[in-house]
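One-letter residues, chain by chain:
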Amino acid sequence: MKQGNIKGWLGLLFLALALFLPLGTLRPNRILPGTTFHLYSLMKEPMAWAFVVLGLILMAFLWSLVIKGGKYTPALDVFPWILTLLPASLLTAIAKYETTEIVYDPEVVRISLSSGFWLGLMGTILLLSTGKRKGFLFLLTFLFLLVPPLLGWTPYLALLKEFLIIKPTFFMELQRHLVLALVSVLLAILPGILLGYGCYRFQRGREWILATVNFFQVAPTLSLLALVMIPLTLLSQAYPVLADWGIRGIGFAPAFIVLFCYCLLPITANTYAGFDQVEQEVTESAVAMGMKSNQVFWKVLFPLAFPVILSGVRTAVTQNLGNTILAGLIGGGGMGALIFLGLSQSASDLVILGTLPVVLFALIADEFLRRIEITAHYKMGGTYDSAHQRV
Amino acid sequence: MKESLRSRMLKRYGVPLLYLILFLGWIFSSQMWIDMLSPWLPPNVGLVMRTPLPMLAWQHLFIVVISTALSVLTALLLASGVRLSRNQEWKSTVLTAGSIAETIPSAAVIALAVPILGYGNGPCMLALYLYALLPVVRNTMVGMDAIPLEIADAAEGLGMTRLQQLMKIDFPLAKPVIFAGIRTALIINVSLATIGATVGAGGFGVPIIAGIRSYDPILVLQGSIPVLLMAFFFDRIFRSSSI
Amino acid sequence: MIQLTNVYKSYQKQPALQGVSISVSEGQCAVLIGPSGCGKSTLLKTINRMVDIDEGEVKVRGKAVQEYEPEELRRNTGYCIQGVGLFPHLSVSENIAMVPKLLKWPEDKIIPRVKLLMELSGLPLSYLDKKPHQLSGGEAQRVGVCRALAADPPILLMDEPFGSVDPLNREKLQQAFIALQKELRKTVLFVTHDVEEALMVGDLIFVMNQGKVVAEGTPGQLAGSMESAFAKEFLGKEYPMKLLKRYTARDLPMASLPKDSGDITGSETEDMPLSLKNPPLTENSNLQQVLSRMLEENRTTLPILREDDTVHYITYESLVAHLKEMSQ
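Residue numbers (our numbering), protein chains in the order written: chain X, 1 to 391; chain W, 1 to 243; chain S, 1 to 328.
Be aware that one or more of the hints could be misleading.
What the hints assert, rightly or not - Below, computed lysine to any residue pairings styled on SDA-like, alpha-carbon distance capped at 25 angstroms:
| id | chain 1 | residue 1 | chain 2 | residue 2 |
| --- | --- | --- | --- | --- |
| 1 | X | K292 | S | I110 |
| 2 | S | K101 | X | V296 |
| 3 | S | K130 | X | E279 |
| 4 | W | K175 | W | E150 |
| 5 | X | K299 | S | I111 |
| 6 | S | K245 | S | Y313 |
| 7 | W | K175 | X | A273 |
| 8 | W | K175 | X | L210 |
| 9 | X | K132 | W | W90 |
| 10 | X | K379 | S | G138 |
| 11 | X | K132 | W | S99 |
| 12 | W | K11 | X | W208 |
| 13 | S | K101 | X | E284 |
| 14 | X | K132 | X | L145 |
| 15 | S | K13 | S | P35 |
| 16 | S | K109 | S | L125 |
| 17 | S | K104 | X | V296 |
| 18 | X | K379 | S | L128 |
| 19 | W | K175 | W | L10 |
These are computed hints drawn from the structure, not numbers from a lab.
Just chain X, with the same shape it has in the complex (with noise of 0.2 angstroms):
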């Protein structure tokens, strides 16, 4: 916990900020903004206690760490493993946060959460990057979290009275925005990759291609969609046969459409920067031996270039997992579809609720393509100085 200071100061500031602010708010229903509580409110709660004596643990530790200098103690390595059930706890003191003065109707009363237990869920991952094994305590410090709603400690949660409701609509909505998001990379990839390769040979066609690609970057995302949904309109109406298969004006494939068109820029540039980065050297040994230009490319350059391609596809993926949310406000689905019913119905949770699931797909997509890419550098002679200055 020595090295990454400033992360661990700021986990601790944050931590400590919780505290003192609001952590939960609770709403007689789904529309009335509520009244907000503290920790002091939550005291009657032995869950809110877990949470202080855990605080308390970690001050102590911390201490320890000042006045010894620091020395190591095993008892250090427990330590992040403890930090994981934080939030757990928190979460479930905050759900479990009772008023003896008005009555409520159960049915419909409910508790968010506010910035305090955000800022506490900030501050608890800030402290675990400071370690080791950092992905591991991540995904465990959200399992925890998943816990207490599943066991059904939390009934009055907002967010889980929320998901509860469209319970069967979030996972079909969950699932098309993952098929939106991910197909359209998966086809953009192989036009993406020639098109690169394009850039690369021909010194000519080089600025074209480029500016084409980008084209869709800059143009706004919802012009593009709207744009792409009228010609659809029209041949959807001309050939029928279009929208028995699913090829309307509203819906799935203007979204499609636009996000193919705006993956070509990451997969594009990448590839031709993946391309050019290989050694004259290298392609002009490969040339001297008598190798036809396939191969150059099979053996030589698109292996050497594939870490880049495949940054270029990360980017691609993490970018599309949160544009696809305008797919909902043209009927296409998605987690859109939840935010933007929730941003009508004026309930932030559910916003929330639609929010959270695209955030950890695009972490966890993030992250385990970045590691398939280091595999893929280190493989393909990178050495440990270069890979650090591209991630």
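Here the structure of chain X is known, so what remains is to put chains W and S in place on it, guided by the hints.
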């Protein structure tokens, strides 16, 4: 290849000027053209908009420029702070925080800002402010980092304070990269501002979304074309090369 | 084996080769030497058609290079460049085995060939699975040479192969190459701008300037009078001294008894015993060392310790005679 000054100036300012002319032409005259063409258009289309296009243009510009400008200012201050501290850890913390924040979908940020700021331009501008921070901070830090060590050493050897280095060396040398970051931020924001219409903000998102909801392609076009031109205009203006 | 006749090549109005004619026989190591931009690299590349000529003829084994399929020509020509260009994603053995694999050699032929080449170039077999980034510059270049020779091509083209290596290792590489060439007797075309390297490595030297060959000859012949003032100046006034490095004591006739004992100026001195302050020179010492030692010890006859531990003597006169012979 030598190009005359005139042809270079033409390339650099000609295309954005073209975008600007088209933009102005559209926002001031499209309604007129639509009215002229109305006998040939399907019925119930191109309904007169509540707010005329030039007004929407002003709103959109206002939202984008104000929030992006504030954001750029904040970002430059933040990046300067990190640079002055010469602390690698601050840099990596800020960069990591930035990339995590980037995964939060922008539409969600707008939606979540509503309880705090109500409906209207507020949540939209807050979201724009936050999203413009990331590219500018990142580019500024990366751009300053890319300055060769020898130059920084030389400056230090001359007796320049870190602040003087920042103003006289770091910023000027990193200027192209910083401008690239500002360009990215502007483009993201022009796009994001269209979504603001879902929370009651003004701008070109209003006719686009209204058009989508009422299956009115003319309305959609009226909003889409100018916002596209605006985005390309900003893109061109902030590119240092002529491409 | 290799014949260029009146070759012209220009890059977009910049002439690179202006009427070059050279001939290299089988088993010869020909060196192209000259200042930057003289066209030596371009000339080299015309042989494996990395560069196509504008006019003239380039013939390999009697056949014009245009008549070969470029890939076929290149698979039968080894190519070593300054940056080596080892494939970073492949191991040393995979790099070396690349051309044999392209030629579809069976595995049991490739593996012993790779090992043989490694041994010949002085690389330990433990390097077989290493990746290029783990090698030093000199080691990488040795692998590059192995790779070029893997499919046993008759011709080897080398473009400043030792240029990016530090002087100490460069000499080692030159020695390694000379030993390799002695063993394999390939037809080599070697480009360098370093005069010393040229005379160490080459059987035949072509001095080039501005796209033309201005002088040619064996290293010894170039020490004699030359028409080209440029070549004279390029080779330098100390060329004959540098030339001494090429030859060793073994090249001189040795006698088992001292013929004359005296210093170079001709006066007589005592025959000095073998166990002196300086260790005796061996057959492998080059003539520069021999001459230096003669000057140092002020004698015209020098004892040489041979491999069979016998002592023989060489003389200053025989050294001069040898140089004269080489310059014919």
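A quick look at each hint next to the structure:
| no. | hint | result |
| --- | --- | --- |
| 1 | X:K292 x S:I110 | holds, 21 angstroms |
| 2 | S:K101 x X:V296 | holds, 14 angstroms |
| 3 | S:K130 x X:E279 | holds, 19 angstroms |
| 4 | W:K175 x W:E150 | holds, 18 angstroms |
| 5 | X:K299 x S:I111 | holds, 20 angstroms |
| 6 | S:K245 x S:Y313 | holds, 19 angstroms |
| 7 | W:K175 x X:A273 | holds, 23 angstroms |
| 8 | W:K175 x X:L210 | holds, 23 angstroms |
| 9 | X:K132 x W:W90 | holds, 19 angstroms |
| 10 | X:K379 x S:G138 | holds, 23 angstroms |
| 11 | X:K132 x W:S99 | holds, 20 angstroms |
| 12 | W:K11 x X:W208 | holds, 15 angstroms |
| 13 | S:K101 x X:E284 | holds, 18 angstroms |
| 14 | X:K132 x X:L145 | holds, 21 angstroms |
| 15 | S:K13 x S:P35 | holds, 20 angstroms |
| 16 | S:K109 x S:L125 | holds, 17 angstroms |
| 17 | S:K104 x X:V296 | holds, 16 angstroms |
| 18 | X:K379 x S:L128 | holds, 16 angstroms |
| 19 | W:K175 x W:L10 | holds, 23 angstroms |
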